[in-house]
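S.K.: Chain by chain, the residues run as shown.
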Amino acid sequence: MYAAHFAAALAIKGQVPRAPAAAVMLGAFLPDLVWVALGLAGIEPSQGPAFFDDWSHSLVMVAVFGAVYAVGFWQKPAAVMFAVWLSVFSHFLLDVPIHPKNIALFPHSAAHLGWGLWSFGQTPWLGATKYWWVEMAVLSVLAVVYIQGARKARIPSNLMAASCLLVLGLHLLGLLS
Amino acid sequence: MSVHDAIIQILLIVLPGLILVLMQESNRRSS
Numbered sequence: 033m034y035a036a037h038f039a040a041a042l043a044i045k046g047q048v049p050r051a052p053a054a055a056v057m058l059g060a061f062l063p064d065l066v067w068v069a070l071g072l073a074g075i076e077p078s079q080g081p082a083f084f085d086d087w088s089h090s091l092v093m094v095a096v097f098g099a100v101y102a103v104g105f106w107q108k109p110a111a112v113m114f115a116v117w118l119s120v121f122s123h124f125l126l127d128v129p130i131h132p133k134n135i136a137l138f139p140h141s142a143a144h145l146g147w148g149l150w151s152f153g154q155t156p157w158l159g160a161t162k163y164w165w166v167e168m169a170v171l172s173v174l175a176v177v178y179i180q181g182a183r184k185a186r187i188p189s190n191l192m193a194a195s196c197l198l199v200l201g202l203h204l205l206g207l208l209s
Numbered sequence: 135m136s137v138h139d140a141i142i143q144i145l146l147i148v149l150p151g152l153i154l155v156l157m158q159e160s161n162r163r164s165s
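Protein chains in written order, with the numbering used here: chain A, 33 to 209; chain B, 135 to 165.
Worth double-checking, as some hints may not be accurate.
Cut-off 20 Å, straight-line C-alpha distance, at most; resulting in silico cross-link-like pairs (SDA-like, lysine to any residue) [as the list claims (entries may be wrong)]: (1) A:LYS162 / A:LYS108; (2) A:LYS184 / B:VAL155; (3) A:LYS184 / B:GLN143; (4) A:LYS162 / A:LEU149; (5) A:LYS184 / B:MET157; (6) A:LYS108 / B:GLU159; (7) A:LYS162 / A:PRO129; (8) A:LYS162 / A:PRO132; (9) A:LYS162 / A:PHE152; (10) A:LYS184 / B:SER160; (11) A:LYS133 / A:GLN79; (12) A:LYS162 / A:TYR34; (13) A:LYS162 / A:VAL128; (14) A:LYS133 / A:GLY74; (15) A:LYS162 / A:ASN134; (16) A:LYS162 / A:LEU208; (17) A:LYS133 / A:PRO77; (18) A:LYS133 / B:VAL155; (19) A:LYS108 / B:VAL155; (20) A:LYS184 / B:MET135; (21) A:LYS133 / B:ASN161; (22) A:LYS133 / A:LEU202.
Just so you know, the hints here were simulated from the structure itself, not pulled from any lab data.
Take the sequences, apply the hints, and build the full model.
M.R.: Now the structure itself:
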């Protein structure tokens, strides 16, 4: 998923307003940034049957990335540390339903999590792919969570709307690819 | 992954992320 990771960061920021926006935004994409680095290094091939992302996306590694990242915020309240950890772990939660390859439990594990729905997700439906619509549904739920939290935090409604529209716009851009 | 692909991937994350962060933080500064 792509736009849904932004939505997850916003949802977490909305629920824990004291969490730094940059921290949760970076956290939400930390596994992908590791994936890019490892892809460049040739450790995680990103194309074809050789696709491999156990080091950047497996359950254990994402949980560990989150924990290490959250420790960097040890001077902040526990709620902020948890929000930062969750921002990283949300990446796993959003990727596990539909992913190019079922996500490993840990690097090189024989056990994988997921339902092998990648091919299903690529089939067309209502002018997009089913994957696009699944992400749209996830993104919508996360937007509601963000709005609900942001309203409590008295974030101006124009800022809420602009944030949601930006994320929606990013998702709509996916229709062009 | 080629360097070109990596740059595109990073820009796709960083640019929208930066805008969203600035939007959220602008509210904090003004409140």
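S.K.: For a C-alpha distance cap of 20 Å, please report whether LYS184 (chain A) and MET157 (chain B) respect it.
M.R.: With Cα atoms ~17 Å apart, LYS184 (chain A) and MET157 (chain B) stay inside 20 Å; holds.
S.K.: Given the proposed pairing of LYS162 (chain A) with LYS108 (chain A), does the C-alpha separation stay at or below 20 Å?
M.R.: violated (40 Å)
S.K.: Given the hinted pair LYS108 (chain A) and GLU159 (chain B), is their Cα-Cα distance within 20 Å?
M.R.: Holds, at roughly 17 Å.
S.K.: For LYS184 (chain A) and SER160 (chain B), compute the direct alpha-carbon distance and say whether it is at most 20 Å.
M.R.: Answer holds: LYS184 (chain A) to SER160 (chain B) is near 17 Å, not above 20 Å.
S.K.: Hint check: LYS133 (chain A) vs GLY74 (chain A), CA-CA at most 20 Å. Holds or violated?
M.R.: Holds, at about 18 Å.
S.K.: Would the pair LYS162 (chain A) and ASN134 (chain A) pass a check requiring their Cα atoms to be no farther apart than 20 Å?
M.R.: holds (17 Å)
S.K.: Holds or violated: are the alpha carbons of LYS162 (chain A) and PRO132 (chain A) at most 20 Å from each other?
M.R.: Roughly 14 Å between the alpha carbons, so the hint for LYS162 (chain A) and PRO132 (chain A) holds.
S.K.: Are LYS133 (chain A) and LEU202 (chain A) close enough, with their CA atoms no more than 20 Å apart?
M.R.: This hinted pair is violated, its Cα atoms lying about 24 Å apart.
S.K.: Take a quick look at whether LYS162 (chain A) and LEU149 (chain A) sit within 20 Å of each other, Cα to Cα.
M.R.: Answer holds: LYS162 (chain A) to LEU149 (chain A) is near 10 Å, not above 20 Å.
S.K.: Verify the proposed pairing of LYS133 (chain A) with ASN161 (chain B), using a straight-line Cα cut of 20 Å.
M.R.: Given that 20 Å is the threshold and the Cα spacing comes to 40 Å, the pair is violated.
S.K.: Can the restraint linking LYS162 (chain A) and VAL128 (chain A) be considered satisfied, given a maximum Cα separation of 20 Å?
M.R.: Since the Cα atoms of LYS162 (chain A) and VAL128 (chain A) sit roughly 15 Å apart, the hinted pair holds (cutoff 20 Å).
S.K.: What's the verdict on LYS133 (chain A) and VAL155 (chain B), does the C-alpha distance respect the 20 Å limit or exceed it?
M.R.: Distance of about 31 Å is beyond 20 Å: violated.
Hints 1, 3, 18, 20, 21 and 22 from the earlier list are contradicted by this structure; the remaining hints agree with it.
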